[in-house]
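Residue numbers (my numbering), protein chains in the order written: chain A, 100 to 331; chain B, 7 to 88; chain C, -18 to 744.
Mixed in with the good hints there might be a few duds.
Claimed, not checked - Selected chain C positions facing chain A (in silico; Cβ < 10 Å): (1) D415; (2) G419; (3) D421; (4) I423; (5) G425; (6) H428; (7) R434; (8) K436; (9) R440.
What the hints contain is simulated information worked out from the structure, not anything from laboratory work. Using N, Cα and C, we set each Cβ at its ideal position, and we do this for glycine too.
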Amino acid sequence: MRVAVVVFPGSNCDRDALHAVQLAGAEGELVWHETTDLHGADAVILPGGFAHGDYLRAGAIARFSPIMGAVRAHAQRGGLLLGICNGFQVLTEAGLLPGVLRRNATLRFEHRWVSLSVERRDTPFTWRVPDVITLRMPIAHGEGNYWLPDDQLDELEAAGRVVFRYTGPEGNPNGSARDIAGVIDATGRVCGLMPHPERASEALLGSDDGMLLMRSLVESVAAAPARVPAAA
Amino acid sequence: MAGYRFSISIMPREGILDPAGKAVEAALPELHADNVHEVRVGRRVELTVESDSADSARATVDSLAADFLANPLIERWEISAL
Amino acid sequence: MTVAEAPASVALHRRLGLTDAELESINERLGRAPNDLELAMFSVMWSEHCSYKSSKRLLRTLPTAGSDVLAGPGENAGVVSIGDGLAVAFKIESHNHPSAVEPYQGAATGVGGILRDIVAMGARPVALLDALKFGWPDDRRTRGLVDGVVRGVGGYGNCVGVPTVGGELLFDPTYTGNPLVNVMCVGVVASGGIAHAIAPTPGSLAVLFGSPTGRDGIGGASVLASASFVEGSAAMRPSVQIGDPFAGKLLIEVTLELVENGLVEGMQDLGAAGITCATSEVADRGGTGIRLDLDAVPLREPDMQPFEIMISESQERMLAIVRPERLDEVLAVCRRWALPAVVVGEITGDGDVVVVGGGTEIARIPARALASDVPEQLHQSAPPTRRRLAPAPGETPLAHDGLPERGMDPGAVLEALLGHPNVGSRAWVTTQYDQTVGTDTIEGCEHAAAVLRIKGSRRALVIATDSQPAVAQYDPALGAQMAVAECARNLAVTGARPLGLTNCLNFGDPNVPEAYWQLTESIRGLSEAAMALGIPVTGGNVSLYNESPLGRIAPTAQIGMVGLLDDIDTLVRPQFRNEGDIIVLLGETGPGMGGSAYERLAGAAPDDRPPSLDLVREAALHTVLRRAAAERLLGSAQDVSAGGVAVAVAESAIWSGLGADLLLEVSISPAASLFGESPGRAIVSLAPEHWSSLARLCASHRLAARRLGAVGGNRLRIGLVGVGATGAAEERGAGVADELDVALDELKRAWTQALPRVLGVRA
């Protein structure tokens, strides 16, 4: 299983994501944003950071990077695509995932450990997560406040496309609508979340719950119909 | 008493480094807009002042802009009545 | 027009901050009068901030030698070997005056600057720590400073992806007119891959890469850092430097790629005094000269004067010294990261910094005259007329410290201390810092020492920063010693051994004899402590003229220390582990409440003095802590510092959610036993079956070890027994309780609310 981690200028969690991917047992490769070739990767990760400084709007400039053509094509072919934090922002700006990540309700950068409930355990990103557990991992962002107009949120939830929600005593750290922390697209093969699973991939770091997501991704086989959830 | 509405456009001062403008401009060739230059990025505030006169409303906005909405050290601003 | 045809006007040198004597020295070094451009270059290079002219002779007395030291003072950062072919680079620097003028950008560019110092050594930055000091934050201006500085530190560090894992935050009226922002950075480099700021070979090229040059900070270094604040601070406005962390991140990647691939002969970052400083330093160190073509420097603004280009402090710029045959590769790396890079000069053999503008030579100064051959400024040193010294080690303690008549309820005092913004939770600040980017953070801002694992190895770096300005106010030498001791103790409680220390010395106007005396004494104290504890001083920074119309700041020696844990599995954390573990106080409690958090709260008694420090006993404590950690005897270890034993135990309890039941013997006074901050002590907890091993270990190092009680329950109970506690009631003062008994929840609430309450924000 080969995973490409895209590096935009200003990405800063790329090597973290690569490390976690390798720990999960896959071959990983850092891919510079200026290439147009993903080298046949089975899965692509857009990592956290401040691509292009997050100037203008988070992810707004990165979505025009040359690599994004290949990323889109990869998704269109059913390839697995995971956006973490800044990566999630890029995917929403690129229209590959619905919604927008706005400034945190606290108007501050927030670094906190959060608890996530997992609402879909039948996606390529979550099928390794055991029943009835919440995942603990850190968030670190200034713009993680997920938003859509109410009617579109209703549709999103009805279609079962909310995958992660903030829960537990720590609660919602950024004011996200309906406590949404992560979503998938209609194909179920593009996922974005604000928390950082790669930072919770070893017990030594405080939690290895994130490894459940990394392993789910890595152990998925690209064309296994049983793993694709029915789109509502 | 009436409500007077203003907009305040706040931009980086000339000569001050504008990282946002710089990053946006650097990205333009990718959008095939390499004939676009001198990008500066600022922000805009709109507000209403309740006052007896336009002059005194304007005075309120002048001091709000200088003391609070903008950072005179590194920003300049323009106030327009809406 | 040649260089010699335009002598500077007489008053100009004074306006630029140079004395008449300095002008004479300049004339001597040049063999003629300088022109205006040359005078401007001298004025920034001979400023206090750049030249250390007032402090150099004192700094030479610091112990810098160590068998593992690979780079010491004078380089961009100190570097110490850590084994496995790796080394750690670290340094602390100040950005005080810019932060007072524009807090966000001052703090942000402070972070940017220290990052560049580490990166210039070829080291990848892995941690940032920020030590911040403000006046009491109950007014809008100070709150604005706090908010701006914290957002600036976070704004830059978070964006470049280096975790901010520690620091210090203190509020004291002494800093009201003059906040302190000291930032420390730690990086990792291959021992064989360290870069130096040197231009060794004539014929090599000077390549300037990074952001274009604008008018940022013109005169900033000399004007802002070398002059105290007076009315007309508004006139300093154009000197603000603006940081671009995105460019900073690109700069880090380019610099490391150039160094790691052996493409450069030398690397220097551009900080204070910009191009003038970077070029003169690399030439001086290399014994070479440099011919600089101003027309080649990429400019952000039109019509910049030569002197503006030469002293601009535009951020995110580096200077690489490159052999001509390597130039293409260097430019290709910069191009790939979309970072402008251009050859701006050539290294020569004549030892001069030559500036060429419009094809004409417009300045020529020997590099050493700018960099290392700066006349030292001698100052008078005089202690204050009235001083209160610490009791000498071994001196019989006083039966009372004059405290009982103040009357106290120990539980209420503990809550007040935990609720004090200098003691309580820092979460309001530290949740604005990305602490976990890099996936190496084991312990971040929550506890006193940061712990970062080194991937691919069993080792870990342990980092702390501390200062003792309240004690230094009484006795600057002691304050510096205690800061060094506290840092080393914070490392020792984790099990780590210290590798080296960096220091940021924040003092007043050296032309005032008492202020210069404070500086002299602090360096003496720093030196003694470093030697006694066997810790080399690898470099640092001096910030003088920290004064405002409100007065001079307390002498503040900010110590930053890096240690090594050989096996991450032996890490000892500060929170209690198990119910039933016994709690032990290591080290002797001494008298002296001067400079303590308690004193801040309760007021100073007329005869209050700071506690004394016995460096031999302190060293013994650290040795025992390291041995106990290596032998896995301990469940937890926490240093005793601000707020004394009671706060140390309360913190271990709050962080674990486990209470404690203790009995404390009072030999001096209840306040000294509970809240005294005498050094050389730690609170540890351990499984009962390990007690005899620990007791033996302590005995063999003649370290006192007293069992106080056990971990358990959901309250903190400390009973007071002994002569001091049960003396005659009329002596002690009525209403002094014999015990402290508070619910853990209450303590946690006070601790959590400490900062938000005083800042007027929500937790």
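Evaluation of the provided hints:
Below 10 Å, beta-carbon pairs count as interface contacts, and C:D415 has one with chain A at about 4 Å; its hint therefore holds. With a least beta-carbon distance of about 7 Å to chain A, the hint placing C:G419 at the interface is held under the 10 Å criterion. Interface restraint check: C:D421 against chain A, minimum CB-CB distance 8 Å, threshold 10 Å, status holds. Against a cut-off of 10 Å between C-beta atoms, the interface hint on C:I423 holds, since the closest Cβ of chain A lies about 6 Å away.
The closest approach between the C-beta of C:G425 and any C-beta of chain A is roughly 9 Å, which is under the 10 Å cut-off, so the hint is satisfied. A distance limit of 10 Å between C-beta atoms decides the matter here; for C:H428 the minimum to chain A is near 13 Å, and the interface restraint is violated. With a least beta-carbon distance of about 7 Å to chain A, the hint placing C:R434 at the interface is held under the 10 Å criterion. Because the smallest distance between the Cβ of C:K436 and any Cβ of chain A comes to about 7 Å, under 10 Å, the interface hint for this residue holds.
A cut of 10 Å between beta carbons decides the hint on C:R440: the least distance to chain A is about 13 Å, and the hint is violated.
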